[in-house]
Amino acid sequence: MDRENYYILLELDIDPPEKDPARIDAAIKRMQANWSRLRNHPTKGIQAKNYIGLIPEIRKVMSDPELRDAEAIAAIQKTREKQGEIFAEIDRHLTLHLSKGYISNQEIAKLAELHHIDEEDIRARIKLMEEEKLVELDSQLGLRMAKGYMTQEEVSKLAKAHGMTDKDLKKRINVPIRKVGSTEKTKGKSLDKSLEKVINDNLRIVGFSSLYEFLGVPETTSIELLQKTARKKESQVLKIAKKDAMVTASGILAGQCSAVFRDQESRASYDISRGRSRLKDLEADIDVAGIDGKIRSQYFEILVKTAQDLGMDQDEAKSFIKNYCGKQKYTIEGMERKKLSKNQIIAVAASLLLLCLLVGGGLVALNAMQAKGAFQDVASRALAQPDLEKRLVIYRDYLSYQDPNKYTEQVNELIAQTQDLIARNKEKAALDALDKQVGELLASNQFGAVLALWNQHLKDYPKGSQTAQVKSKIKETEEAYDTFQFKALETLHSADTDVRIAAYVNYLASHPKGKHKEEVTKLIWNLGEEYFVFLQRRIDLAARQENWGQAIQYCEAYTRVFDNNRAKQLSREKETFQKRLKDQSSYEDLVARATRHGTDYDAAMQEYNEYLSLYPQTTARDKILEQIKGLQVLKYQARINRAETDMRSRLSTSKRFMEKSPGIVLDRKTGLTWTLLHSQVTLGDCMDYDFAKDYVENLSIEGAQGWRLPSAKELDDFYKTDAGYPVDSGLVFWTNKSFPRYADGAMSERVVVVPGESGAQEFQMDSRKCAAVHAVKK
Amino acid sequence: MGTQMKRIYGIDLGTTYSSIAYVDEFGKAVVIPNSENERVTPSVVFFDGDNVVVGGVAKESARLYPNEVVSFIKRSMGEPNFLFEYGGKNYRPEEISAYVLKKVAQDAEEKLGEKITDVVITCPAYFGINEREATKIAGEIAGFNVRQIINEPTAAAIAYGSIEQTENGVVLVYDLGGGTFDITMIDIRPDAIQVICTGGDHNLGGKDWDDRIVNTLVQEFQTQTGSKEDILEDPDTWQDLQLSAEKSKKILSQREKTPIAVTHGGERVKVELQREKFFEVTRDLLERTISLTHGILEEARKKGYNRFDEIILVGGSTRMPQVEKRIREEFGIEPKIFDPDEAVAKGAAIYGWKLSINDDLIKRVAQKTQKTVEEITKTIDTSSQHFKDAAREMADDTGVTQTAVESSLIKIRDVTSKSFGVVVNNAENEEAVFNVILRNTAVPVNAKDTFFTAVANQQKVLIRIMESETSEEWVPVETAVEIGTAVLNLPNGLPAETSVEISFSLNREGRLQITAKETTESKEVQVLIETTSVIRGKDLDEAKARSRGAVVQ
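Here the protein sequences line up with chains A and B, keeping their order.
Residue 363 in my numbering sits at position 363 of the first sequence, and the numbers go up by one each step.
Residue 53 in my numbering sits at position 53 of the second sequence, and the numbers go up by one each step.
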């Protein structure tokens, strides 16, 4: 899209171009204030924002003489192009008038006035147009040939419109010509006009002609791809930080794409609107043709042609123009006289059909009087016998005693009839019984049982005379069952979602062709979200209880019924649960394996650690880490226990030391109490002085608190003199004795004691270094 | 009550409405009504001769004096070329906003009989550096000590957290205001409020819904009269329709339809607007909020937040029933409408209260420890005994309970809604923006990266500081906004590819500070971003002077 010309935008003179900096500056300021005012205008706001954003660039161009001159030249060119556009409109109007073969001076004058140009200019255009006529014809042909064929009707119309014969015109056509060509068009709803305006206004800002072009896809793109592209576009736009008018407009358009292309119907509305908006030009043409309140018949033809150019078929075009003329009160020449002939409706009298009843002639008796006598006898006996089975016996007897004669066939016939009658009677009796049973069953709404009975009957009497009747009864029952079950569904409104879904699904299964299939499908569909939420809660609960199997079942419950995004979501969740289920069982195996190591905590920990390094992604990771932590505690506990046991055995012979309560030792000699174990054993590590101090202050053994650091003397007494406390050599202990702090107060020298055979040694050590603590209290 | 703490007020400076709140002596956030006794004041400024009128009267005046009235100024915050011209003077968005701030504060002062000096002002989370700076300056022009600019959704979450005694929970704040839309995921815990990520569009709000109604009315007018005139060219008609549209939008939130009269050029047309129609012409706007929400959920997932517990709706525009319905439909969760008009101002007030308690506590601790306030502020340790003592004393002095004082120490952690970086040459030797701080990073944040000079004996490094919207490290220059530049002068004779270290530090309020260091001689330049998009220098001084003299009604 070429950018705005600043001379035109600032409404400055271009012929000759304005060059006075003061006036240019004033114009910029004026427009800046103007645009700022329009910044929040409902329709012009974004354009105004666009212009406001241009101001620095405008200032730059307009203050540089070279750039400014170029701008002025561009402005003149642009204005000329604009005039060219006006001529295009004039040409269309001229075509209208020329179609009658001439144009009057009065018409030229009116057109000149309408377009604010000289009459001479119009005359010059007329001359040019004659030459362009053929070019125009070809372009119109091109439009029609694009569909792959042309109709004879179109050919004739075009030929007439261009004053040519069909034959001449056909020379320019390179597609087949068909007789009938009007295709049916679906009539849909057009987009809301104000929305259409929003879309068009913003398209103008970004320089595109349609939302399709905006998305960069052909108009034939599938709706799915359109939605996808729209979403992509939306996120693209969002990523741009420079929120200028282009981006703002693009954001709005991307939003519109999502809304317009949300479904086929709405997309169709947009397409229809686009088509309709092209009619505006047509309306303008009609206005020109009706400049004196009357549309000449030649004009009418041309208007129809223009409308066809826009894609209407002929009838549509005609009715559109007529409607518009009616609205604008233009009369169409020729139309007012031409009454439409009414189709005469011919009533066709129905002819009567005569049915002839043919009566079969009597039998001619000749020589076989005897046979006749026997037959008559059989016939009369049989008729007198009400029991049909017995009647059959009479007939069969006749056949066995008489040689085949001319009555044999008749008797066979009679046998067949009788058999048929017997079967019918049986069937009827069965049906009567059935009817009674069915009545009872139906009274208690046992439709299933009823259907089973009917179907069994059909099986029992596959060629029964009542089959059709029974089938219709089955159908009735099925319908009643359908309605009954559907009604039952309606009572489920307040039931739990899963109950409802199950009932609906059950309905569909038992009535695959049910009357309410669509309604029930919709009910299910409507419950999609609710059922999802319902299941999600249960899934959450199951997940919290780590009942993965159950969670999977819930997921499947949904995916069995639905195939939507939620189903996809749940399928994914299901996969996670399946993984968890798998992980859970291998976790259980792992725990069993680890437990088998008993008190070999290191081996157990190794099991866990190996597992973790093999399956770092396992969902049981946290639990495994928990296990390891537990083992570490156990290991620590075991170590302490060992150390305590060891120390106790060492003290068991001592007269001086006594474990007065678990973990606390009384020194009978000094009366002080000490911890059974020193920190190096319990913590397995040494500590700096600050830590040591915190450690003793917070130390609590079996509830005993108030521990402190021993003095050097106390330590020395404790470990050295008179069968001292057992100790591993080489350990250094913090005492409470300190030397003055350094000036910066950051560290201090502390005294430590190293117990040994030849007496404890005392020396100073940096408080940030590491030593052990043996806590003491009174 | 003994001594009085310095009160810090919270102001919600909205696109369409503004309001002010404070925390009363019972520790409860309260909105202060204006002189018209309304709890929200339209953010509309009417220049009436020498007087400046703000609020409801100004809004109604728009019908009669469309050219003297400014509305929706917040949408132009940070736009350098926006100028409102009146009486031969040009007003920038900051100055116009200052009038709105003055009005709400002035009315509150009258109600409470107390001078307002310190304020916390809110802005959309989605505001960039320029817009935030402009908001702060607006406060300064109005004569306030702007203690902090905080994000609207964060403020709403603070208010929500202070009322709803919920357990730990991840909350999605869907804030659809008059002019802006913010979507923010926040983790609310008893001891901390932490923003996880945020996004939005500051050109999407209730006004856009109004505009669609205006368009529909214009169309209807054209259809009924057969006229093709663009009646919005007439400022009177435009303003009239804009007001009617807002009213009918509110009515349509309650009813199925509403009659609207469109009067223009002596013609009067009655339009009956159906709710259905309203939904249809605004559907795309609502869809945009949904898309943005999904964008945020996507970002949150990257940060390990796969779900959220609640959606709370704030901002007046969430009263439109379709918003709630659409959210329920999309996310299968019942959204909570939470104090849509007042939550933000109240949250800001609570934040201000917290600041003033902190101030007071620090002062007390300083006295106890014989240290300066600056020293204490630097090494603030709220768990120390001094702090506990100070809190107890303070509770005794002010009558605020000790728990309330302690609860004010709740940690609030926000994120940046934009990425910040510099223009450098990438591997293909093309100019591109390299982001040093990525959006949705928790603030305050310090980040640095090393870059290299392009040629031997390079004299200068031009550092172009860019703001962008993606979480990617590299972004094309054209999609980012330049928010400032800095020049680092280099010593002579450096070889090519000398390393230059650029540090970005973004504070809690979203203010950016840049340091660049040439490593061979450790030459360092400190760069405070001077944004061009906000009022500065002479213009600012003039605006401040005008504001001091102006009488706002």
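Quick caveat, the hints were computed from the structure, so don't treat them as lab data.
One or more hints might be untrue.
What the hints assert, rightly or not - Derived CB-CB ranges, DEER-like:
no., chain 1, residue 1, chain 2, residue 2, range
1, A, Asp166, B, Asp230, 28 to 38 Å
2, A, Ser585, B, Ile333, 25 to 35 Å
3, B, Val30, A, Leu541, 24 to 34 Å
4, A, Trp525, B, Glu25, 51 to 61 Å
5, B, Asp230, A, Ala70, 53 to 63 Å
6, A, Glu219, B, Ile333, 52 to 62 Å
7, B, Arg189, A, Trp525, 36 to 46 Å
8, B, Ile333, A, Asp563, 16 to 26 Å
9, A, Val533, B, Arg189, 48 to 58 Å
10, B, Asp191, A, Ala592, 53 to 63 Å
11, A, Gly549, B, Ile333, 51 to 61 Å
12, A, Asp13, B, Asp48, 29 to 39 Å
13, A, Glu57, B, Glu430, 21 to 31 Å
14, B, Arg189, A, Glu626, 57 to 67 Å
The beta-carbon is built from N, C-alpha and C at its ideal position, and this holds for glycine as well.
Evaluated hints:
1. About 47 Å separates the C-beta atoms of A/Asp166 and B/Asp230, a value inconsistent with the hinted range of 28 to 38 Å.
2. Taken as a hint, the range 25 to 35 Å holds for the pair A/Ser585 and B/Ile333, whose Cβ atoms sit roughly 34 Å apart.
3. Evaluation of the 24 to 34 Å hint for B/Val30 and A/Leu541 yields a failure: the beta carbon distance comes to about 41 Å.
4. At about 56 Å, the beta-carbon gap between A/Trp525 and B/Glu25 stays in the expected band of 51 to 61 Å.
5. Evaluation of the 53 to 63 Å hint for B/Asp230 and A/Ala70 yields a failure: the beta carbon distance comes to about 33 Å.
6. Remark: the range hint 52 to 62 Å for A/Glu219 to B/Ile333 is contradicted by a beta-carbon distance near 38 Å.
7. Under the hint 36 to 46 Å, the C-beta atoms of B/Arg189 and A/Trp525, about 40 Å apart, fit the expected range.
8. Hint check: B/Ile333 to A/Asp563, Cβ distance near 23 Å, so the stated range 16 to 26 Å holds.
9. Taken as a hint, the range 48 to 58 Å is violated for the pair A/Val533 and B/Arg189, whose Cβ atoms sit roughly 26 Å apart.
10. Here the CB-CB span from B/Asp191 to A/Ala592 is close to 41 Å, at odds with the stated 53 to 63 Å.
11. Distance hint check: the CB atoms of A/Gly549 and B/Ile333 are about 27 Å apart, inconsistent with the given range 51 to 61 Å.
12. Taking 29 to 39 Å as the suggested C-beta distance range, the pair A/Asp13 and B/Asp48 conforms, at roughly 37 Å.
13. A C-beta distance of roughly 24 Å is found between A/Glu57 and B/Glu430, which places it inside the suggested range of 21 to 31 Å.
14. At about 23 Å, the beta-carbon gap between B/Arg189 and A/Glu626 misses the expected band of 57 to 67 Å.
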